[in-house]
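Next come the chains, spelled out residue by residue.
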Amino acid sequence: MRQLPPRARYFVLGTILAGGIITAGIPFLPGGPPQFDFHFLIFLAAALLAQLVGVRFFMPGREGQAWSLISAVLVASIILFSPASNVVLVLITFTAYWIKRRNIPWYQNLWNIAQHEVAVVLAALAWEVVRPIGTSGVEAVHWYAAAVTTGGVFYILNNLQTSTVIALASGRSFRQVGVLSRGNFYRELVLTWMGIIVADMWFDNPWRTVLIIVPLIGLSQMLRSEVEDAERIRRAQVEAEGRAQQLASLNELARGLTSSLEFDQIFDVLYAQLEKTVSPEVLSVALFDGQTNQVEFHVKADEGMLPVVTRPANAPEMRGVLATRTPLVLDPIRNRETVHAMSPHGRLLGSACVTVVPMALAERTVGVILLGTAAPPAGPQLDLISTMASQAAVAVEKAQLFQRERRKSAQLSAITQVSKKIVTIHNVDILLHQTARLIEESFGFARIDIVLHSNGGPPPARADGAEADIPILYREQTIGVMRLWLRPGAALSADDLPMLQTLADEIAVAIENARLYEHLQQQMGMLEQTQLQLLQSAKLATIGELAAFVAHEINNPLTSVLGYASLILSELPPDDPKRADIEVIEKEALRARAIVRDLLGYARQTDSAMEQMRVNDALESVLPLIRKRAESANVTINAQLDPLVPAIMADINQLKQVFINILNNAIDAMPDGGQVEVATRAVNANGTGPLVEISFQDRGTGIEPQYLEKIFDPFFTTKGAGRGTGLGLPISKRIVERHGGSIGVSSERGKGSCFTIQLPVAAAA
Amino acid sequence: MLVKDGKESLVAAKRILVVDDEASIRDLCARVLQRAGFEVAVASSGEEAMGRLQAEAFDGVVSDIRMPGLSGLDVLGTAKQLYPGIRVVLITGFGTAQTLDRARQSGADRILTKPFNPVELLGAVRDILTTKQP
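Quick note, the sequences are listed as chains A and B, same order.
Quick note, the first sequence lines up with residues -12 to 752 if you use my numbering.
Quick note, the second sequence lines up with residues 576 to 709 if you use my numbering.
Possibly wrong hints are sitting among the right ones.
[Said to hold, decoys possible] Simulated crosslink set (SDA-like; lysine to any residue; CA at most 20 angstroms straight-line): (1) Lys263(A) with Leu369(A); (2) Lys643(A) with Thr688(B); (3) Lys615(A) with Arg701(B).
Don't read these hints as lab results, they were simulated from the structure.
Because the structure is a prediction, the values reported are computed rather than measured.
With these hints in hand, go ahead and build the complete structure from the sequences.
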């Protein structure tokens, strides 16, 4: 009784109460108390027979048909006997039914008796009012009309009560209950008519009634089965319509899902169809990501989509639900833990029933649909939702694949772009900055830092909150790390790491490229400087050519100036006042001659005749020339020439010029006289092959340390105005270098200088 | 020194031909050598020098190499041909290696490079006239 909704309960109790009142009022009903005469007992027996045996005898297993026969017996009884007798008949017949069906709840059986009592009494009272006196002649029509009306009252009352109680108990409408259907009405009309015919015949001869009742039962059964067939067809039609609706719904879902590659679209389509099917209070989908072992909750409430929540999938309350392959119906009170775990927003807890439908593919489950409803969904509904879930599973998998591919494609494009940047950007800092931003964008990371190791330093420690450090390797050496931070709730996928490693390799190459480029730029700078020097040299060479030309033209007048000045000086007496002036002329002419000679020497370097020669020969031809000047400066030259020095390839005239230059300098370095030691020897330097070394050691003033590196620069001189041109040593250096040799100097202040020339030995012919 | 040289010149008065197209240098050489006691004749071109050499004998020749017409090298060749014992000093204004080589190969006894000091000229002439030919 408690299971019934309140209104149904009141209705049942009310009917039972009415039945009780009628039973109590049996002696007071119109027509007097029941008379248990022979006729009534036959009827009672017929009613019980119809109720307990008759139907089984003819058509076993179809209990429902007993009701129709009972109706016919009851209509006949109403017409033949008094109301009190009818109530007793009902009381006895349906109590017997109660005994037969003890498994039905007591209140249902009690109500069954009561409602029949009500219907019988009211129909019997109606018959008392409308029954005609006679039945002969045309009065028979009147009699039949009144009897049919009485039967109709009984039928309507009986079915109204039944329909009402079913409608109240199930919450469905009268139409849906299906008791008051057209098929039922015609069937009942025929049975009512049968009851009336039985009653009519009873007046003439009750025995004839018994004879006719058998074919009448057969007829009634035939009618009934036809009616039932029609009813079955109607039901099948309704069912087919429902199926078609489901198919349409599935079709719509399939169409929607096929065109959706985004999760939002999939959920929109799925939720729309689910709402049509079950009208849930809360609708959510939990997607399971096997790679990251996370569950993503997409919840739809009345106010719309709630923010997506991600939870780890290894909670024990979740496991059972996520692993299910068949739909589960949960009671939020009994399965509180599980429902709580599956409802991050707590919405499912408010529903009376939670249904979990797996979104299953052949080999795995991509997630579950969670529905919060007021009542458990019916079997067909659950089937439909399962089918929808399967379709959604395929769509979700497709979308996941698409997202993964899209991500991969973005990542590949990032790699391509990084490659492009490597080619175009040669500054390490800019490159690293831009590359990091590019990776952040295409992988959806919160942050990327590219940390380079300082030379030889220890690798930097992992920073707080960083998800991973990806080593940047170049030639199997770690030159830095790519450090990444994930966005909240995100996880690294299995595809990410190889992609990132590829990028790290690219970055390694880029860094090395950039470094090489910087190195190359430095070298280019140096080359440019060298070229400038070369240009300077070329300029000097051009100047030399010009100078040679001019010098040659000057030589003739200079010869005259110098000659005549000397001549005049030799002719003037020592005390002549003009002497000083002429001496100036001579001195200046000598200076001019020195300049011209140096310039000529510089210009002459372009043409040289290389031949196999001995250094000693060159020196021996130079020494006599220089000795004269040396003697006048009180300088002695000692030569220690090794007779075994090998031959060299050289232009002897140029070498002589070099020796003269150096010896002249040595003499100049010793204003108070001194000694110059010239020596030759064979040396074997590492890597360069045998060399001939010529050294000139003076005991002069030495060279200031700050001048040491400048003395080979053109126009650098320490000899003071008018004494040196600053071209002697640079020319000497150029000559030596053109011979594939080198010239060096060591000097000690106050102790003298030593010039050393090394020249390669001629290849043995 | 020149005075001392002058005294020596009294002992051996040698004949020297000075050839140069430049009058100032020709005169300078002539004066220096005359003052040193040499007997000096001058010629202003190679052709003139050839004539003088064929006309009279000389102990030595001092000649510029580059001159219009016949060069100093031609003069050298003729002189050595006419007087095998004659000593020749060539003067060059532009002492390239090639010129010097050619001069030496032609049999010049000394080569002077302009601009030269009168002392150098005198020294050179004196050297070649007092030493025996190789």
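Results for each hint:
1. Lys263(A) with Leu369(A): Given pair Lys263(A), Leu369(A) holds - Cα atoms ~13 angstroms apart, limit 20 angstroms.
2. Lys643(A) with Thr688(B): Holds, because 15 angstroms separates the two Cα atoms, which is no more than 20 angstroms.
3. Lys615(A) with Arg701(B): 16 angstroms, holds
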